[in-house]
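Engineer: Those protein sequences? They're chains A and B, same order as listed. Reading the first sequence from the start, the letters are residues 1 to 641 in our numbering. Reading the second sequence from the start, the letters are residues 1 to 706 in our numbering.
If you're looking for bench data, these hints aren't it; they were derived computationally from the structure. Predicted, not measured: the structure shown is a model, and the values here were computed from it. Do not rely on the hints blindly, as some may be mistaken.
Examples of chain A residues lying across from chain B (beta carbon under 7 angstroms, computed) [claimed, not checked]: (1) A95; (2) Q137; (3) T138; (4) M278; (5) Y291; (6) H448; (7) A454; (8) A499; (9) G501; (10) K507; (11) Q516; (12) E525; (13) K526; (14) Q529; (15) L606.
Covered stretches of chain B (chain A as the covering partner; in silico rule of three or more C-beta atoms under 8 angstroms from a C-beta of chain A) [as the list claims (entries may be wrong)]: (16) 223 to 237; (17) 404 to 410; (18) 423 to 435; (19) 629 to 638; (20) 673 to 680; (21) 687 to 693.
For each residue, glycine too, the CB sits at the ideal point set by N, CA and C.
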Amino acid sequence: MAIDSLVLGAGQEVGKSCVIVTINGKRIMFDCGMHMGHLDHRRYPDFSLIGPNFNQTLTCIIITHFHLDHIGALPYFTEVCGYSGPIYMTYPTKALAPLMLEDYRKVMVERRGEEEQFTSEHIVECMKKVIPVDLKQTVQVDKDLQIRAYYAGHVLGAAMFYAKVGDAAMVYTGDYNMTPDRHLGAAQIDRLSLDLVITESTYATTIRDSKYAREREFLRAVHTCVAGGGKVLIPSFALGRAQELCILLEDYWERMNLKVPIYFSAGLTRQANMYYKMLISWTSQKIKETYSTHNAFDFKNVHKFERSMIDAPGPCVLFATPGMISGGFSLEVFKHWAPSEKNLVTMPGYCVAGTIGHKLMSGKPTKIDLDKDTRIDVRCQIHQLTFSPHTDAKGIMDLVKFLSPKHVILVHGEKPRMATLKGRIQSELGIQCYDPANNETVSVPSTHYATAVASDAFVQSCSNPNFKFSTSGSEHEQGSSSSNRKSIPRLQVSDDRVAEGILVMEKNKKAKVVHQDELLVMLEEKKHQVKFAYCCPAHIGNLQENQETESTGLPLSSTNNDMLQLLSAKLTNELSEVNIQDFGDHLQVESFRVSICSKEDCPYRLSDNGGEEHYEPMFFCCSWAMEDEKLAWKVISMCQK
Amino acid sequence: MKFTCLRKGGGYHFPPCHILDICGFRILLDCPLDLSALTIFSPIPSASKASSVDKPNPKCSNRSGPLDLEEPLVRKRQKVERPLDADDLIYAEPWYKTVRNLHLWNTSFIDVVLISSPMGMLGLPFLSRIKGFSAKIYVTEAAARLGQLMMEDLVSMHMEIRQLFGPEESCIPQWMKWEELKLLPSSLRDVALGKDGGEMGSWMPLYSAADVKDCMQKAQRLKYAEETCYNSTLIIKAFSSGLEIGACNWTINGPKGGIAFISSSIFGSAHAMNFDYIALQGNDTVIYSDFSSLDATEDIENDHSNFVPTTHDFSSLRNEENDEQELAKSVLHVDDNLEENQKLAFLSSHVIDSVKAGGSVLIPVGRLGIVLQLLEQISTSLDVSDLKVPIYIISSVGEELLAFTNIIPEWLCKQRQEKLFSGQPLFGHVELINEGKLHVFPAIHSPKLLMNWQEPCIVFSPHWSLRLGPAVHFLQRWCGDQNSLLILENELDVELALLPFKPMAMKVLQCSFLSGIRLQKVQPLLNILQPKVLLFPKDLKLINSSKSTAFSIFQYCPDETLCIPSLKDKSELEIATDLAFHFDWRNLKQGNISMTRLKGELFREHGKQRLIPGYVQESSEIRQLVHWGSPDLDRLMTVLSGRGIKGTLRKASRGSESENVASAVLVNDPSQALIEVKETSTVITATSENLASIIFESIGSVLDGI
Ligand SMILES: [Zn+2]
Ligand SMILES: [Zn+2]
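Let the hints inform the model, and build the full structure from the sequences given.
Structural biologist: Now the structure itself:
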């Protein structure tokens with residue numbers, strides 16, 4: 001059994017996330033994103049690789065969140081390519097995704113009158129096919145496929161998805177954040193037993209310090225700019241970052257008693273806040289708790305921005321879509337504001353290659369060529385937001401370690417950084433890790449269980465405690481692969497409830513697991529006991545010498561009983577983890593039994609060991625069963641010495 | 001599995017209560033309160049009839065209340081049975097009636113409590129505050145929030161009464177003493193003691209706000225269809241029942257099969273998410289606990305005038321009934337909503353009539369869904385009639401309740417969810433408040449209410465028992481006004497409930513709302529669920545389909561314990577395939593059977609038992625430890641010589657039956673050894689470990705063993 005992952009997008013890059021996972025005959029498409037940096041066919045995943053008939057080959061589509069690099073190609077795939085099967089996403093994603101898609105569609109059409117890839121109607125029709133899910137809701141997609149969403153932070157409604165078919169199980173994380181932000185909580189997931197985790201790796205090598213300091217840095221930059229009469233442009237998508245920064249600014253404005261206006265470029269963000277209000281239970285604990293008295297998404301200082309206000313005098317803060325300045329209104333404002341050094345543009349930590357945002361971030365350009373005829377002088381301040389809704393490398397490592405899957409696939413990152421992270425996951429966590437490029441398939445083995453009926457006696461025996469006392473570092477420690485660890489000798493108590501039983505397969509009957517003691521009854525057979533016995537000669541002198549060196553103070557002349565005592569003491573000394581029972585005339589360790597034999601004709605006395613005995617030998621008559629073979633021979637060798 | 005019905009409940013406000021023993025765990029299903037029993041108490045005294053709105057502090061004017069207590073009591077004693085009047089009611093701080101006999105069960109032996117609806121948890125603080133209570137409480141997040149608000153409201157309404165009566169002197173109130181109870185009119189006594197006189201022990205003084213808080217802290221809140229695992233053994237999931245926001249049915253899956261617990265459910269709700277019966281499929285056992293059809297009169301009754309009751313006819317559907325699931329589904333999907341909407345429209349038209357005539361309307365309905373829908377319906381009707389009549393919600397938790405209904409789209413019906421997706425508020429009240437048509441106040445004496453107050457008006461206010469809360473004050477104010485209207489649910493004994501307000505000039509509409517599965521839908525539902533075992537209330541009649549039922553039915557009635565034989569006697573074990581790689585299969589001589597030893601770590605996880613390799617040390621070789629049969633000595637000799645062991649066979653004399661007579665193999669090469677073979681045992685003697693183990697192997701090959 002195997003899980004095959006065909007990476008159609010976000011393989012060694014960020015953009016157009018799309019992975020087709022085949023798991024025990026079910027095929028799931030995780031995310032259906034588009035690439036913001038391309039305008040040609042590369043903007044969408046290569047759907048032709050899925051096969052000829054999407055509706056027959058795909059079981060369902062799962063969308064993790066409303067960002068375009070995760071959902072941007074969905075209307076195209078359903079309405080133009082004709083996929084009509086089920087699509088799952090969380091309630092907020094279903095509510096907010098149409099806003100994102102519509103916003104993007106407008107930008108696309110407005111910019112250079114580009115031919116639209118999908119229409120408004122397409123978006124509406126596409127969203128009708130979506131089945132909304134709640135967090136942790138266990139959704140039975142069909143008889144065999146079960147999926148479940150877990151909170152991912154990142155943006156409102158972002159989820160990691162768990163999928164299970166038969167015994168094989170996996171998690172696709174989408175984008176996530178392991179630390180809470182102003183309006184969202186941190187990602188949260190159960191400890192699951194998983195064959196595979198496919199995780200984002202945007203910040204595969206970045207380790208971030210306290211969020212608080214980085215927020216302060218942002219607020220200081222904004223404050224300095226508006227205090228100097230400058231204008232702050234915050235290019236951002238209507239949803240997500242806009243709300244987070246707005247909560248941050250609103251709070252700061254109140255505290256500092258600032259009167260500088262904050263604007264939203266379109267009704268879109270205001271409309272978005274209406275959604276956020278109803279979806280408040282998906283935000284952070286702190287915001288959730290106050291919903292009935294004050295809904296955090298009722299922004300008091302925020303006003304609507306008109307195009308005519310672009311060149312109006314005076315300071316202001318403006319949220320303009322789209323983010324990354326990939327076109328539309330944020331580009332228009334940028335053209336006007338970029339030439340003045342009083343102004344400030346804040347950019348998110350990550351911008352897709354090919355956008356103006358990306359150019360601003362790579363180096364500090366003084367001029368940007370928009371196209372053949374347009375060149376923008378860039379003299380304004382650029383502030384890079386160093387807090388991001390993505391997890392950092394530590395967060396990825398923490399999550400992978402927590403989930404401890406058998407395999408990891410990295411997507412949604414940059415190739416060299418991913419390679420570094422991959423190395424860490426393999427060396428530090430010992431988990432097989434892959435970072436496939438687009439259109440590559442990774443195949444990993446999956447778990448499979450066979451079912452059998454277990455007898456009550458077997459189940460009972462498994463739950464009996466099985467205490468073992470051992471001195472770690474002694475010769476009895478298992479020679480496990482990790483034996484290179486330095487062992488500190490100390491007594492350890494372990495309770496390994498080892499399940500031991502017998503699996504019985506009979507033709508045309510269900511496999512059965514029984515306890516050893518039940519077997520013969522079940523088979524209606526009589527037990528035939530196979531034992532070992534050996535009447536072993538010992539040299540008293542040896543034992544006595546030993547005894548002297550140990551100075552246990554026993555009298556020199558020894559009776560049979562004393563001899564047993566002596567042996568017992570020796571055994572206790574040498575075999576630390578056994579329980580020796582003394583019955584007077586014999587000693588018993590597990591099934592091994594030893595007594596002093598005085599019968600001259602003991603049948604278990606063999607005559608061929610070394611003929612030259614100086615002393616009249618003592619005989620220890622031993623018997624044991626197979627289970628204690630090792631122990632028995634160890635004791636015998638001790639007797640003989 | 002054992003099942004005990006403690007109380008079959010009564011309607012929406014008093015769901016049934018059961019105890020289920022399964023897999024060694026004891027599960028309590030719901031813990032409600034019988035709030036209709038409050039009607040045997042007197043409401044806040046009617047001296048305040050002159051209205052609390054005019055006198056914002058009614059409790060002061062009634063401080064003398066308790067002093068008057070002696071006189072009516074004396075009068076009562078001399079009385080023989082006659083029609084009840086207001087003075088017959090118990091004039092004391094009310095106590096609350098829990099489920100009978102629940103207190104007889106040892107609380108500390110309850111492992112799990114499953115709460116199916118907000119109403120099902122109103123009695124829970126009584127349990128959770130008991131020392132030794134350690135059960136895990138599972139409740140949906142929505143039911144938990146609503147339940148908590150309902151309990152907090154109850155506590156706050158009770159406070160008003162308590163302030164009136166002052167602190168209690170003794171732990172047993174006067175009215176509970178036998179000589180007092182004896183004097184109660186029989187109809188009141190029946191409520192106090194139960195018909196058989198056994199319910200006295202179920203009365204309790206109300207819990208405190210701290211008890212409620214503590215109870216809520218112990219509850220684990222579940223998302224819709226979230227899988228939770230109790231003690232690694234039981235997998236518990238909640239699916240919407242449609243009765244109320246957050247109300248649910250349960251599936252409980254253990255190693256010995258699955259159980260679906262069906263509480264009162266509604267297929268097509270106009271506010272809560274519909275009854276998700278598909279999710280209940282695949283469970284061997286169904287516990288049917290919807291008693292709603294027992295007391296469904298299904299019409300609107302009116303005390304003062306004759307309204308034509310709405311009728312419905314499902315007979316045609318009933319005739320066509322057959323096993324086909326599709327048809328069954330079509331029966332289930334017959335729209336309950338239509339009829340419920342008619343009722344709402346009907347009520348709404350009477351509300352309009354009343355306000356047009358200058359009267360006010362009091363709606364002390366306790367069902368959240370009905371309140372939310374009536375708000376929408378009435379405000380629309382007001383708009384249509386171009387009436388500017390204010391609507392008030394007076395409740396200590398009203399504001400929070402309304403705010404909450406607008407942030408849980410996940411628990412609402414499809415139509416409401418569509419509102420989310422189109423960016424509109426989930427319920428009409430959001431707009432109504434913004435437009436100033438609806439006013440929400442925490443209490444009758446809120447200063448803002450007094451400023452805002454305007455009559456005629458429409459008031460939604462608790463409590464439906466007409467003994468607690470602001471509703472009492474409004475009723476006292478309007479009961480003499482023939483133009484005013486009171487809308488009641490049918491779960492109340494109207495005669496008793498209105499007793500303290502007589503004579504009533506006010507119009508009264510009592511309306512029954514759908515509160516569960518209609519009887520004719522039970523069979524189609526079961527056809528879809530296809531259980532093997534059905535637990536069904538004795539009092540309900542199953543409409544049998546012509547075909548014989550494929551499942552066995554156990555009928556239950558209160559206070560009887562049913563023992564249901566478990567369907568699977570053996571538990572399932574899953575064996576990891578990577579463990580199976582190491583299997584050393586042996587075929588038995590008699591053929592057809594093969595077996596292997598297996599060793600691993602047994603994991604109980606999510607109701608499944610799994611054997612995984614775990615940390616068990618890999619033993620280098622697998623030895624046979626159990627043998628059976630008797631060895632063929634000649635074959636043994638062949639096997640031995642095949643392994644380079646030479647010796648002579650000394651057979652025991654034939655015909656000797658004694659066990660002690662042994663055959664023996666004397667080995668002399670490679671070294672001396674002895675194999676002593678008896679009927680049921682073999683002893684190997686050798687000087688070296690190696691030789692001994694080769695001989696052991698050889699014997700193993702001529703015996704059956706594992
Ligand atoms: Zn994202
Ligand atoms: Zn992304």
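Engineer: Compare the structure with each hint and give your call.
Structural biologist: These are the hints, each one checked on the structure:
Evaluation of the A95(A) hint against chain B yields a held restraint, the C-beta minimum of about 5 angstroms falling below 7 angstroms. Residue-level restraint check for Q137(A) holds (minimum Cβ-Cβ distance to chain B is 4 angstroms; threshold 7 angstroms). This hint holds: T138(A) has a C-beta 5 angstroms from the nearest C-beta of chain B, less than the 7 angstroms allowed. A least Cβ separation of about 6 angstroms between M278(A) and chain B falls short of the 7 angstroms threshold, and the interface hint therefore holds.
For Y291(A), the shortest C-beta to C-beta distance to chain B is roughly 6 angstroms, which falls under 7 angstroms, so the interface hint holds. The restraint placing H448(A) at the interface with chain B holds, with a minimum CB-CB distance near 4 angstroms, inside the 7 angstroms limit. A least Cβ separation of about 4 angstroms between A454(A) and chain B falls short of the 7 angstroms threshold, and the interface hint therefore holds. A distance limit of 7 angstroms between C-beta atoms decides the matter here; for A499(A) the minimum to chain B is near 4 angstroms, and the interface restraint holds.
The interface hint given for G501(A) is met, as the beta carbon of that residue sits about 6 angstroms from the closest beta carbon of chain B, less than 7 angstroms. Proximity of K507(A) to chain B holds as hinted, the smallest CB-CB distance being about 5 angstroms (cut-off 7 angstroms). Look at Q516(A): its Cβ gets to within about 6 angstroms of chain B, closer than 7 angstroms, so that hint holds up. With its C-beta approaching chain B no nearer than about 4 angstroms, E525(A) sits inside the 7 angstroms limit, and its interface hint holds.
A distance limit of 7 angstroms between C-beta atoms decides the matter here; for K526(A) the minimum to chain B is near 6 angstroms, and the interface restraint holds. Because the beta carbon of Q529(A) sits about 4 angstroms from the nearest beta carbon in chain B, less than 7 angstroms, this interface hint is met. For L606(A), the shortest C-beta to C-beta distance to chain B is roughly 5 angstroms, which falls under 7 angstroms, so the interface hint holds. With a threshold of 8 angstroms between beta carbons, the proposed coverage of the region 223 to 237 of chain B by chain A holds, since 6 of its residues qualify and at least three are required.
Counting residues of the region 404 to 410 of chain B whose C-beta sits closer than 8 angstroms to any C-beta of chain A gives 6, which meets the bar of three, so the coverage hint holds. Given as covered by chain A, the region 423 to 435 of chain B passes the check, having 3 residues with a CB less than 8 angstroms from a CB of that chain where 3 are the minimum. Residues of the region 629 to 638 of chain B with a Cβ under 8 angstroms from some Cβ of chain A number 3, which satisfies the need for three, so the listed coverage holds. Coverage of the region 673 to 680 of chain B by chain A holds [criterion: at least 3 residues with CB-CB distance below 8 angstroms; count 4].
With 4 residues carrying a beta carbon less than 8 angstroms from a beta carbon of chain A, the region 687 to 693 of chain B meets the three-residue requirement, and the given coverage holds.
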